[in-house]
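Protein chains: 2
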Amino acid sequence: MAEYKTDIEIARAANKKPIQQIGEKLGIPLEDLVPYGHDKAKISADFIARQKDRADGKLILVTAINPTPAGEGKTTTTVGLGDGLNRIGKKAMICIREASLGPNFGMKGGAAGGGMAQVVPMEEMNLHFTGDFHAITSAHNLLSAMIDNHIYWGNELEIDARRIVWRRVMDMNDRALRDIVVNLGGVANGFPRQTGFDITVASEVMAILCLARDLEDLQQRLGSIVVAYRRDKTPIYCRDIKADGAMTVLLKDAMQPNLVQTMENNPAFVHGGPFANIAHGCNSVVATTTALKLADYVVTEAGFGADLGAEKFFDIKCRKAGLKPDAAVIVATVRAMKMNGGIKKDDLGPENVAAVEKGCANLGRHVQNVKKFGVPVVVAINHFVTDTEAEVQAVKDYVATLGAEAILCKHWAQGSAGIEDLAHKVVELAESGQAQFAPLYPDEMPLFDKIETIAKSIYHAGEVIAEKSVREQLRQWETQGYGKLPICMAKTQYSFSTDPNLRGAPSGHTVPVREVRLSAGAGFIVVITGEIMTMPGLPRTPSSEKICLNDKGQIEGLF
Amino acid sequence: MAEYKTDIEIARAANKKPIQQIGEKLGIPLEDLVPYGHDKAKISADFIARQKDRADGKLILVTAINPTPAGEGKTTTTVGLGDGLNRIGKKAMICIREASLGPNFGMKGGAAGGGMAQVVPMEEMNLHFTGDFHAITSAHNLLSAMIDNHIYWGNELEIDARRIVWRRVMDMNDRALRDIVVNLGGVANGFPRQTGFDITVASEVMAILCLARDLEDLQQRLGSIVVAYRRDKTPIYCRDIKADGAMTVLLKDAMQPNLVQTMENNPAFVHGGPFANIAHGCNSVVATTTALKLADYVVTEAGFGADLGAEKFFDIKCRKAGLKPDAAVIVATVRAMKMNGGIKKDDLGPENVAAVEKGCANLGRHVQNVKKFGVPVVVAINHFVTDTEAEVQAVKDYVATLGAEAILCKHWAQGSAGIEDLAHKVVELAESGQAQFAPLYPDEMPLFDKIETIAKSIYHAGEVIAEKSVREQLRQWETQGYGKLPICMAKTQYSFSTDPNLRGAPSGHTVPVREVRLSAGAGFIVVITGEIMTMPGLPRTPSSEKICLNDKGQIEGLF
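In the order they appear, the protein sequences are chains A and B.
Using my numbering, the final residue of the first sequence is 561, and nothing's skipped along the way.
Using my numbering, the final residue of the second sequence is 561, and nothing's skipped along the way.
Same chains, same label: a pair holds when it works inside one copy or across any pair of copies.
Dumping the calculated SDA-like pairs for lysine to any residue here, alpha-carbon to alpha-carbon at most 25 angstroms:
(1) Lys110 / Glu218
(2) Lys19 / Gly29
(3) Lys548 / Tyr154
(4) Lys54 / Gly324
(5) Lys7 / Pro123
(6) Lys244 / Pro105
(7) Lys244 / Arg542
(8) Lys27 / His40
(9) Lys110 / Val387
(10) Lys326 / Arg215
(11) Lys347 / Val394
(12) Lys18 / Leu32
(13) Lys254 / Gly555
(14) Lys110 / Tyr496
(15) Lys244 / Gly112
(16) Lys548 / Tyr239
(17) Lys554 / Asp216
(18) Lys254 / His40
(19) Lys398 / Gln416
(20) Lys54 / Asp553
(21) Lys19 / Asp41
(22) Lys93 / Asp55
(23) Lys18 / His40
(24) Lys244 / Ser545
Source of the hints: derived by calculation from the structure; they are not laboratory data.
Since the model is a prediction, treat every value here as computed from it, not as a measurement.
Produce the complete structure using the sequences and hints provided.
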């Protein structure tokens, strides 16, 4: 009967175990498990440091086709696969991202998975959780306040107030703050200038927290943030403002991974949540590397489709953290194949094998792309009740032509029992020793060539175009020593091209680079190829108008 | 040797017990104690509701003379007295306010008490603690975002954008945000208007959280916030914007009191922290009323000196929550008496009985004022090592002439052993049945008369002056049904007058009312008599420049 309940109803009915018992399974002593309520905990930095000589488990990436309005179920499959691996006797953990608070008040909040494959407690994970994002907001805005304060007291560093690139952040959808003038009110308040707020997940502090190995590395990276430039265009760093120490103090607890559980009581780290366009879109390195010490299998996911998410996971996170993924799962659905085959959302009901076959081109491109990183691939067909056998078979047949396998998974309805086949296949791939992971491009490649490599190899673009000023900026950064950084592409998630309406597997398109940004602390160059919104707005009727506590003290309207 | 250690060194050496053990002493079952780490916990709303039929303990207010740069030690005495009452066999609890995060990065952070009379863990209490202030920031700013969003989508409520009184908040000292223009950037972003940020503790949401009885009352009060006016000056409420439900959801956990412990392992609630000028400056009603159910003695404090803090505690918090204090302790020091007697801070060393005697007038005024509320008073002389016997005796002799007793307390150096005499005296007063608590003025008195009553009766002012527009505004609120609200005076804390340099016990001065503000959700009228800064700035060399983690992972520079 699970099909007739909503995700939140299923999640509320979960038979949760005390978080101490979940930690015990992983061998975490009580004193190293820092509880936040009865069902959430942080893992102490001290415990993490003590695991460093242990062998690593196998790392499995769950990625997906380009998202469609039909829904793919990447997180659901990540959770389901973790449960499935535990079910077949493996010691497995899940590592996923934290949700952002602000967007929940615009549209309904996101579940962590769905159906019988969820991480709980869902409400807390969509609200304040363990306070990580609030800590990031505080650390980010402390630096902002210290920059304006520096100018106020005489501007010894000679900051060019027109060239301050460090804005402020808030975990709220508030378009009124996108573009503002601060420091009004005369002598007591400062020197007026134009700036704005981004949403917290867009903060470079978020990306840094998710890439830092430990607190020392965190402070080092925070110190390296470029906050402004002088009139002569030389950069001014966070450490020039002397904010890096206090920011590290504010982030001390936020750096510790959060332990929660799946509905089947298996352990999950939910930690960090950087934007998947102007940042790399993966959960924290600390969570992933710690999980690899504690479990034999770690299932993690990357944001958006494989063209953006998996590429960044491999080229940024794995490269920086020295991770070597052992297998990748690409999630697809029959419905999404049909949409890629040209069918509209309202017409997805009737069987349409031809549309499925046509839409498979998108899936095929992703399978081939992931293989370019030397990682063996399996396709998970996330089952929907309307799928017909012939449609499912069409996907399987197509994937077989690529030398890979597509496996039907029913974890949404059945939990781990519905995903055993995929779990066995993942174990087979991971144990086979097939994986020969290598990033797409070497550190030494010039920055513009890196962009071209991603665009041509992954997106199958014909060319990359950019204004002279963009190319000059890239060369300047190379001169300043940033040439070895990887590229973080900000592109629409809906297409291999920069046109969100171009589904399937387009080729030969042009990728126009509008802007490039340096994230010197996080350690990547952001390349922007379209409109990127870093502060969302609320819709005409925001979901917050309906959110409330009911008579039982439960939250209504959030899901 | 304790005298030679800093507060933070003493606090770090505290022999803390697991918070579950502290809760057990109060009879809180494990499932109702929501842990935040090993030494902090929230008490479930469900448990609190179940205590409603239990008898109340005795309520003791700790207040003080007007603060001087010499330091008085109000919180230290609150903590010491709580420990002292436990030492003499009473079941006692402490209720104090939470610290604000932002100011710690300007000046050094505040301890929760001092010496051997502290509440721990000090670091966490000065950083994110259990996230209450972050939740308040989120709830406040959600309402702000929804107001601008309402205008953006057509302004059905006909909000006059020039008359939006609801600003935004951040828990940061950031003067750049005091006065800003938002909604720049054209059609996609909104209608430009001038506004600003206050620090989170100045938010009306903070005052509301601290005065609400339960979640239902909280939502009711949030809904009653006046956020803006129309062109015809009719008010627009938070509930018109439909933000009250979602704000309540965001504040659900923040409404639960935080349990920590003193260094002597006695229970303390640290919950809420409204400004003591534009708000009432007391810890939450929920914490105090819950503590009264769990302990036989509850020791709490109010902000600033008794002229502001005790008056608001009695006239706002006690009036609204139906609390009946049984005794009050007024904290004084020999050094502060000398400063009130005209001695400069650098000259406080040598014995000066005459200056002590002269300065006692300030103390005497406070003793007499507190008695006006029908609450028996004892004076605590918080001992400093430089105090001479003759100076202490001078204070005792003076207080005896007022029909009260002054007791020397050495809790800073000795903990509870140094404050037994005061504890016995407090028990004697509380058990005596002397207390006949009544607020200073009735609800029905006209608003301007209430202001005059406070100014003349408590400050000994000669007159209250105000522009015609101020008097008209008060009359308008009376017409709108706000006439029964109590007054929340925003006045300098350093003097009975509005001149911060006028120490001692001045009389006949003029109190000029600059501005009045309606806090309809909190339920009081704010009367501003001087410059009130609701968003602090950072100093030339902010303490944040020196804050960092040391090799042991301890926080340096915060204290």
